[in-house]
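Student: Chains as they are written, first to last, in the working numbering: chain L, 1 to 344; chain Y, 1 to 260.
Hint data in this document are derived by calculation from the structure and do not stem from the laboratory. Quick reminder that beta carbons are idealized off the backbone N, C-alpha and C, glycines included. Accuracy of the hints is not assured; some may be wrong.
To give an idea of the interface, some chain L residues facing chain Y are shown, with a C-beta separation under 10 Å as derived from the structure [as the list claims (entries may be wrong)]:
hint	residue
1	Gln9
2	Asn70
3	His91
4	Asn93
5	Tyr95
6	Lys155
Chain L residues, not near chain Y, derived (Cβ > 12 Å throughout) [to be verified]:
hint	residue
7	Gly52
8	Lys76
9	Gln84
10	Leu88
11	Lys105
12	Lys172
13	Lys258
14	Val303
15	Gln319
16	Val326
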Amino acid sequence: MSKKLIELQNITKSYNGVVAVDNINLSIRENEFITFLGPSGCGKTTTLRMIGGFEEPDEGDIFFDGIRINDLPPYKRNINTVFQRYALFTHMNVYENIAFGLRIKKVPSKEMDKRIKRMLKLVDLEGFEKRHVDSLSGGQQQRVAIARALVNEPKVLLLDEPLAALDLKLRKEMQIELIDMQKNIGITFIYVTHDQEEALTMSDTVVVMNKGVIQQIGTPVDIYNEPKNRFVADFIGESNIIEGIMHEDYLVEFSGKKFKCVDKDFAKNEKVDIVIRPEDIDITTPENGLLEGIVTSVVFKGVHYEMLVESQDYEYMIQSTDMQPVGSEVGLTFNPEDIHVMKG
Amino acid sequence: MVMKLIKKIYMSLIFLFLYAPILVLVVFSFNESKSRGQWGGFTLKWYAELFRDRDIIKALYYTFLVALLSSIISTIIGTFSAIGIHNMGLFGRKTILNINYLPVLNPDIVTGVALMTLFVSINLRLGFLTMLISHVVFNIPYVILSVLPKLRQMNKHMAEAALDLGATPFTAMKKVIIPEIMPGIITGALMAFTLSIDDFVISFFNTGSGVTNLSIIIYSMAKRGVKPSINALSTLMLITVVILLLLINKRTTKGDELLP
């Protein structure tokens, strides 16, 4: 574990009486790739902007390297940002955009030139120095924005939905490039997105937020496999969320039957929510199934079929390469470790 | 086919109606004969006469001095006002913009008389200074209206991006915001300059102490009887304003609308 770089303590921020961020506690380590994930209006961008210095928290403290920075203006923070839609300076060419921060810091021109050349190489834009930023494609503008931020050698790079404006293929490429970049230069990336797949692909740590409150902090694998509540389970990937009762340790009841599971430490007969991922359910014959149902819809998704199976009290979504036609009676099976029990 | 012809004829008639008076004015400014309505051959003598008239030279000097100073002052005030308005909340912005429209739509004569009343009531002697102030006043709304669209087009994080890269708010304004909206500022300045040269009514009420501009000179010359040199002077003003308007048009057709 590397050391803590940024600490948010009891941060609250509201706009005109509407709470945007509600009592957040979070620490961010050095060299960490951390992602704030959530639907729009969940407070992720507000949190990022407070770290960048563009907003001041109403309550609570922000520490950077152990020093309280609540009211430190952005130009005095060792943090740089890649903004939504990049906010490149349209009256300057690529070189001048990247040089902007260095000129302000009065970096000697020889060193400045060296650093800009190195950045252009890093973002694969050598030879674009004299180009006007308006003449670049979205992906190229994106790279200029990253270079303009990174050339200042910040300890932390903030990225506010940086790939939202790019098409799918380019977005996938840039995701990989960003991960490589972060590993190579070894600084902290704080990334904001509403795209759960992007968050899972890129991050060391994912912070899931909703309505200004942190729902769960964890590695992508934790967040996916062990969602803490209904919101996280629903927001991250596809899931079947069924209401049930936890009878005792390792025994849960839902859809009218009792099942073995791997969860424990709930109160006796506590009401719970059960998550089963669509890819964890297998289709079999009705006699061999743990549950029975009728297929109500089949959609071909490329790698697999997505089927809806209406059982006694819940419509299960199943992702499988094994297709059963609409109307057929099927059985559903899953293993005890595929059942994830959450507090209801 | 016939429809097309009718359309063309109709359009020509309208243009003729609009521009015939101006055309006559320009043609007669080169007329050798002193009488109107009779062509006596081509001459430039009326133009030459203009530049021997000391009153006219003085008025020319004041016209351009007021236009230059008022466009500079109103551009500075208007630009910063536009930036302020742009950063206001929705309600404040709408209110201020409507107040801003008022002088644009207000009849010049009302603006002119109102300013004169104000100057007289605070015992400011009418003259160069009052004329300059009044020109600054009526120019500011136009500058605001030409700068605002540029601010709206700008990425809303532009200022923050500059701060993020280490610029103080002052540097961000100087190195990023002002250069980004410069096309709008220049358009606004040209517009102010043109309107100032163009103005008669407001200037007429707010000057004195022997300070006049070209419009006022033409007016007073016309009262004494129309001389061909009036035509010559009017032609020169026309050419100046047309050139300025062409410049403004060329700038604004690049995708910006002057009025929101």
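Student: Look at each hint and say if it fits the structure.
Tutor: Outcome of the hint check:
1. Gln9: violated, 24 Å
2. Asn70: Cβ of Asn70(L) sits 16 Å from chain Y, so the hint is violated.
3. His91: Constraint on His91(L) satisfied, holds at 5 Å.
4. Asn93: Violated, because the Cβ-Cβ distance from Asn93(L) to chain Y comes to roughly 13 Å (cut-off 10 Å).
5. Tyr95: violated, 14 Å
6. Lys155: violated, 14 Å
7. Gly52: Not fine: 7 Å to the nearest Cβ puts Gly52(L) too close to chain Y.
8. Lys76: Non-interface label on Lys76(L) violated, nearest chain Y Cβ at 8 Å vs cutoff 12 Å.
9. Gln84: Gln84(L) not clear of chain Y: closest Cβ-Cβ about 7 Å, inside 12 Å.
10. Leu88: It is violated; Leu88(L) is separated from chain Y by about 8 Å at its closest Cβ, not greater than 12 Å.
11. Lys105: Since the minimum Cβ distance to chain Y is about 6 Å, Lys105(L) lies within 12 Å and the statement is violated.
12. Lys172: holds, 25 Å
13. Lys258: The assertion about Lys258(L) holds, with a minimum of 55 Å to chain Y.
14. Val303: The claim stands: Val303(L) keeps its Cβ more than 12 Å from every Cβ of chain Y (closest is about 38 Å).
15. Gln319: The claim holds: Gln319(L) sits with its nearest Cβ about 39 Å from chain Y, beyond 12 Å.
16. Val326: holds, 49 Å
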